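Undergrad: Here is what each chain is made of, one letter per residue.
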Amino acid sequence: AQSVTQLDSQVPVFEEAPVELRCNYSSSVSVYLFWYVQYPNQGLQLLLKYLSGSTLVKGINGFEAEFNKSQTSFHLRKPSVHISDTAEYFCAVTLNTGGFKTIFGAGTRLFVKA
Amino acid sequence: GAGVSQSPSNKVTEKGKDVELRCDPISGHTALYWYRQSLGQGLEFLIYFQGNSAPDKSGLPSDRFSAERTGGSVSTLTIQRTQQEDSAVYLCASSPRLASYNEQFFGPGTRLTVL
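Sequence order for the protein chains is A and B.
Sequential numbering from 1 applies to the first sequence in the working numbering.
Sequential numbering from 1 applies to the second sequence in the working numbering.
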């Protein structure tokens, strides 16, 4: 069965510092990988996704993620965060063999301090 | 264009009562998903629809939960005889068609509190 682990429940960071939010997954078949962001009092929106091809994926708001098949990871990074990046970030996977169920991680709350 | 809308935004009910949660997907989106987000937890997948059909109901937590979709558009999630452990935010999402590589567009959620 698939599972997604987000290793940090909360990440405090100062403004303009780099940040990495970690995500590991477990699956016996190939998967598609997603990062969603939930800003305070808003719905989730897609940040980026990996389907195939280049393992480095760029998303909105300067975020990027790297797919590492051998380590079954899909960590999210940003070189310099802003106060407005304060939000909850969710890693998610779906099967690329026809399954339609999406498995989400528990989320990482990023808190950017001035 | 309009996004996914959900109603009500908040619902407080007493234990044992039935509740109906509504989701209005983006116009033209054939795939619709329901999730539950409990405090401190990730999103728990409940059910998906392709058109009006829900081929896999195994994600529903108990037989008190049911969902339907009519006209390929609006969906309702019904919880019968609510329990306190049903308290959570219920999220609905839609996508243009059912495909595991598709982005899902989420609504703002319904916060359900069972007293």
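Worth flagging that the hints you see were computed from the coordinates, not collected in a lab.
Don't take each hint at face value.
Some residues of chain A that are not near chain B, with every Cβ distance over 12 Å (derived) [claimed, not checked]:
#	residue
1	F14
2	P18
3	S26
4	E64
5	R109
In silico contact screen, one side only, chain A against chain B (beta carbon under 7 Å); selected entries [stated by the list, open to error]:
#	residue
6	Y50
7	L51
8	G53
9	R77
10	P79
Predicted model only: the values in this text are computed from it and were never measured.
Glycine residues also receive a C-beta, built at the ideal position from the N, C-alpha and C atoms.
Undergrad: Checking against the hints above, which ones are violated?
TA: 5, 6, 8, 9 and 10
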